Structures are given as C-alpha cells and as structure tokens.
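There are 2 protein chains.
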Amino acid sequence: MKPYILISNDDGYQAPGIRYLIETLKPLARLIVVAPDGPRSGYACKITTKEPFTLQPISEEDGVNVYACSGSPVDCVKLAFNILLPRLGIRPQLVVSGINHGDNSSVNSFYSGTMGVVTEGTFQGVASIGFSLCDMSAHADFSACGKYIESIVRKVLAEGLPPFTCLNVNFPRTDGKYGCSMDCNPATEAHPETGKAAAKDYKGIRVCRMARSTWVKEVVECNRPGSGSPYYWLTGEVKELEPEATDTDRWALYHGYVAVTPQTLDTTAYGLLKDWKI
Amino acid sequence: MKPYILISNDDGYQAPGIRYLIETLKPLARLIVVAPDGPRSGYACKITTKEPFTLQPISEEDGVNVYACSGSPVDCVKLAFNILLPRLGIRPQLVVSGINHGDNSSVNSFYSGTMGVVTEGTFQGVASIGFSLCDMSAHADFSACGKYIESIVRKVLAEGLPPFTCLNVNFPRTDGKYGCSMDCNPATEAHPETGKAAAKDYKGIRVCRMARSTWVKEVVECNRPGSGSPYYWLTGEVKELEPEATDTDRWALYHGYVAVTPQTLDTTAYGLLKDWKI
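Heads up: the protein sequence lines correspond to chains A and B, in order. Here my numbering is used: the first residue of the first sequence is 1, the next is one more, and so on. Here my numbering is used: the first residue of the second sequence is 1, the next is one more, and so on.
A hint or two may mislead.
Claimed, not checked - Straight-line alpha carbon distances no greater than 30 Å define the calculated DSBU-like cross-link-like pairs of lysine-lysine that follow: (1) B/Lys203 x B/Lys239; (2) A/Lys26 x A/Lys155; (3) B/Lys277 x A/Lys26; (4) B/Lys274 x A/Lys274; (5) A/Lys203 x B/Lys274; (6) B/Lys277 x A/Lys155; (7) B/Lys277 x A/Lys2; (8) A/Lys203 x B/Lys277; (9) B/Lys155 x B/Lys200; (10) A/Lys277 x B/Lys2; (11) A/Lys277 x B/Lys200; (12) A/Lys239 x B/Lys274; (13) B/Lys147 x A/Lys277.
What the hints assert, rightly or not - Quick list of simulated restraints, FRET-style, between CB atoms: (14) B/Thr214 x A/Lys200: 39 to 45 Å; (15) B/Ser151 x A/Leu28: 53 to 59 Å; (16) A/Lys203 x B/Ser151: 48 to 54 Å; (17) A/Leu28 x B/Pro162: 40 to 46 Å; (18) B/Ser229 x A/Thr246: 53 to 59 Å; (19) B/Arg87 x A/Pro225: 21 to 27 Å; (20) B/Ser229 x A/Lys200: 44 to 50 Å; (21) B/Gly38 x A/Lys147: 44 to 50 Å.
If you're looking for bench data, these hints aren't it; they were derived computationally from the structure. Just so we're clear, the structure is a prediction, and the values are computed from it rather than from any experiment. For every residue, glycine included, the Cβ atom is placed at its ideal position computed from N, Cα and C.
Can you build the whole structure from these sequences, using the hints too?
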C-alpha cells in the first residue's frame, strides 16, 4: 500500500502552489489535504488560542480529500493529527507544506507559515518538508519543481529524517531572475513578466546552510486621508550579511540551484551554553 | 548616560508582567515600551502582511514612553526599529520581552509571541532576552523574578551576546508548584490559589539546553448549539520526551531554578547537512 502524506500550506487550499504539489505527489502516496481556508502568509508558528476554529470538507477527487480550516497553518496540522487523522485511522508517513508563493530561505523561514506547518509536523513526530518558490505571483510557474520534489520526497519516504529535524526546500525562479522575492510586500506580489517566461530547468540541488541576512526599510508610514493619523505597512528589502559565502541557501537561489536546508528544532545555542556563566 | 532598552511583550502593554518588568528595569536603563494594544499570546513570529497597523502613544511617566501597536509582537519591534527609534535618535542596547504570563520553555518557545519579540530584536542586531513565568494567571506573582532579571540584564548590557543568539529565561512558579503551565489553554488561565501564595525565592540559575517535549490532547471538538456543526479549541498537555535529563530548562523549572537557555537563530541542522546527500 502507498504511504499517506498530509499536505498543508499557508497560501490556502485554493492556491496554485498547493494544487501543483498535490498533482506532483499523487503518484507517490495517498494524500490528505488540511489547509487554511484563505491566505495566511507570514503566520509563522502562530496558534489560535483566543477563539475556536472550524474544519470544512471541500472536495474528494481521485481519492484526495481536501479540508479547509479557518485557523492558522499550525492549527491545521494540530487539528489533523489530533482529530481528523485518528478518526480516519491514518498515521501519515510525511507532512509536506507548500509550494509557497515566495521564498523561505534564510531568516524568512522564521516568519513563514509554510515552515510553521513543517515545524508542527516535526513536533508531531513525522518527517516534514517545506517547498517554496522565489516568486510571489499568483501566476508563478511551478513546472520545473516537480522532478526535484519527487526525488526529495521519495528519499525522505525511504529514509525518514532524524527527530527534531526537517527540510526547508527553496526553488529559484525559472525565468532566469534568480533573486529572492520580497516575502512580505503586498506591493510586489504581481510579477507580470512571470508566467510568460518559459520554465527552464534548474542547475541541480545544493544541500546548504541557512544564510545570514536581515530585512531593512521594513515599514512605510501612510496617512489616513482627511485625518492625518498615521498607519503602517510592512514592506522591505533583504540585506545579505554574507554575500561572499558559497555554501548558503541564498547562494544556491542566486545561482539557479534548488536549495535544500536541513533545519533543527533544537535551537539551543550549544556554543554559548558552554561559555555563558552567571 | 544610561543605555536604552526597548521593551515589548505578547500579553499587551497593560499586562502585569510588562508592568513589573518596567519597574524592575527603570533603575538600570532608559526605557521605551512598544507593545501590542491587547493580548497576542501564541503569535510566534507572525508578521502582519495583509493589512496595515497603527501606533498609539499611551503614556509618559518617569521618563518611560509607552506606545501601543495594533499589530503582532514582531510588528511592534519592526515598527520601533524602522520608524519610532530612528525618529527619536535612539539605538537601544537591548531588547527585553515579557514577563510572559506562562512558560516558554522547550517547544513552547516556537509558539511564543514573547520569543517572537526576542527573535526580531536579534535580527535587528541587538542583544535580546525573553522572560517568562510558569503561571498564566493575571494575578501571577512576579516578585521573586526581579533580582534575577536585574543580574541577567546587567550581564548582557556589559557583555552583549553573539550575533544570531538570544536568551530565553523561564521562571518557575513561586508557590512551590513548579510544574509547567499550559500555554494555550484558555480554561486554565485562572489559578485562584496563586497571588495568595507567598513569593519564595528560587534556588538559583541554571544555564541549560531546551528540553524535548511535545504537546498531546491538543484539540477539543465542540458543537454549536442548535446546528450540530463542530468547531475546535486548542488545549492540551505537555508530554516530556526526556523526563530523566537533568540539563534541561524543564528540569530547572520542575526543581525550582531559573532556566536560562541560550538560543541560536541559525537553525541549520549541521549534523544532517554533513550527511544528507541527494
């Protein structure tokens, strides 16, 4: 029998990225989809504690059951593991999140609802992988991602991952513009040129560490017409803190490689732990 | 001149925990408070990308300026560093978050808005510390925390922290009930016996690693009266995955010690990075 995979994301169950992921994984596994009922970009590991949330069956096509949850990406995974999957008698072998519309390399991983799903899947004791494409457009071209997703998922299905570790996989854009997209800037969501570009193949896979970078120019002040009272929008651009390094996820993305970053959920700073005395 | 410290939290600017923190730090530094305008527990590193947010000056007392932000804990820090602090000509030497009403040890750190503030402060290049007390009650007794906060903050003001690292400090309860509280269960927010208990001193400080634990029984299904359609509340209890370990934050909390866990924001799993080939 084929294994079960739980699929979720942060762009919502209707996003093209999760649709592409479902089609890609159908031949490999039996799929259960529990995803947010709308966009939840930038939700990180948010959990819903002050109000309840709901779960809605959406569709069952080709044996793939899709459910929409009104909570956060992490809520989706908790609801799946605590209620839905036990009722169905299913223990998935893998949790897969994405494909995110926008990159989650470097520090973006911390803000990412896509990686929130992966973090929670790992806490539930199941090997978990997040996939993200460096293109926030609704018309992003995912077609070059499929064969890499298949080979990475097959390997993790066969070998598993150590406890408290997961994979963060980022794909460059396929139109030759390999730069990292702005993950939180509503003004840049549409790349009109993307979707028209032919999908080139990537140069290969790099297993790489997380680059150190920081966001700058992150907040823009606006004034409410007529009142003069200010309000604020998040925006920004990435400043690379180690642009010379060639062993990072950012180097891979800028150079046309698929970036696979193994991540740990034991965030103890062991070096500092040894040295810090009080 | 005294250094500047930026203070925030996830319980909102009116919470007793942040009030206690302000009073504790007043003798050590000049303080700027930018905190959420209401509770944001469980917000993790959420950023607000789909709508704008606001900043409201609340009060200026004893030279402490307090601002309330309608966004997430991380939004507060981004707004402070990008707009407010540059306008005031201030570069803080430290970001301090808390005191959270509820513990952020072990995996709770991932869901925590308190630690979201700390993560963002670290990304802004400033040494950052989160303080949390194992008691979710609004009447939690913080009085034993002060002298430890003072010594930890003094040390970090003097020595700094390495880049991409921060401190996660958790205090046990002071009424002898050293167990870890449920961080996401609205039903357990009130501990009627707390606040009446005399504040005992802690046994000391342990610099310790993050324990591995997991949440179980995390979701409860309820039915809307009259409709029968279900909705879900997060709840749960912690299952310790290494109850025998004596070098963890959880051991410290269960045994009456202040737990100081140095955390890294480079979450690359370096062991797996070395071994994982594709």
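Evaluation of the provided hints:
1. For the proposed pair B/Lys203 and B/Lys239, the alpha carbon gap of about 25 Å is at most 30 Å, so the pair holds.
2. Of the supplied pair hints, the one linking A/Lys26 and A/Lys155 holds, its CA atoms being roughly 16 Å apart against a limit of 30 Å.
3. With a CA separation close to 25 Å, the supplied pair B/Lys277 and A/Lys26 stays within the 30 Å bound.
4. For the hint pairing B/Lys274 with A/Lys274, the CA-to-CA distance comes to about 23 Å; that is within 30 Å, so the pair holds.
5. Taking the CA atoms of A/Lys203 and B/Lys274, the gap is near 21 Å; set against the 30 Å cutoff, the hint holds.
6. A distance of roughly 10 Å separates the Cα atoms of B/Lys277 and A/Lys155; the hinted pair therefore holds under the 30 Å criterion.
7. With a C-alpha separation of about 24 Å, the suggested pairing of B/Lys277 with A/Lys2 holds against the 30 Å cut-off.
8. Using a Cα cut-off of 30 Å, the hinted pair A/Lys203 and B/Lys277 holds, with the two alpha carbons roughly 16 Å apart.
9. Only pairs whose Cα atoms come within 30 Å are accepted, and B/Lys155 paired with B/Lys200 is accepted, the gap being roughly 24 Å.
10. At most 30 Å may separate the alpha-carbon atoms for a hinted pair to count; A/Lys277 and B/Lys2 meet this at roughly 24 Å.
11. Our distance criterion of 30 Å between C-alpha atoms is met by A/Lys277 and B/Lys200, whose separation comes to about 24 Å.
12. Of the supplied pair hints, the one linking A/Lys239 and B/Lys274 holds, its CA atoms being roughly 27 Å apart against a limit of 30 Å.
13. For the proposed pair B/Lys147 and A/Lys277, the alpha carbon gap of about 16 Å is at most 30 Å, so the pair holds.
14. For B/Thr214 paired with A/Lys200, a C-beta distance near 42 Å keeps the hint of 39 to 45 Å intact.
15. For B/Ser151 and A/Leu28, the Cβ-Cβ distance of about 55 Å falls inside the hinted range of 53 to 59 Å, so the restraint holds.
16. Separated by about 52 Å at the C-beta atoms, A/Lys203 and B/Ser151 satisfy the suggested range of 48 to 54 Å.
17. Here the CB-CB span from A/Leu28 to B/Pro162 is close to 42 Å, well matched to the stated 40 to 46 Å.
18. Distance hint check for B/Ser229 and A/Thr246: the Cβ-Cβ separation is about 54 Å, which falls inside the suggested range of 53 to 59 Å.
19. For the pair B/Arg87 and A/Pro225, the supplied restraint of 21 to 27 Å holds, since their beta-carbon distance comes to about 23 Å.
20. In this structure the supplied range 44 to 50 Å holds for B/Ser229 paired with A/Lys200, their Cβ-Cβ distance being about 48 Å.
21. Under the hint 44 to 50 Å, the C-beta atoms of B/Gly38 and A/Lys147, about 48 Å apart, fit the expected range.
Checked against the numbered hints above, the structure violates none of them.
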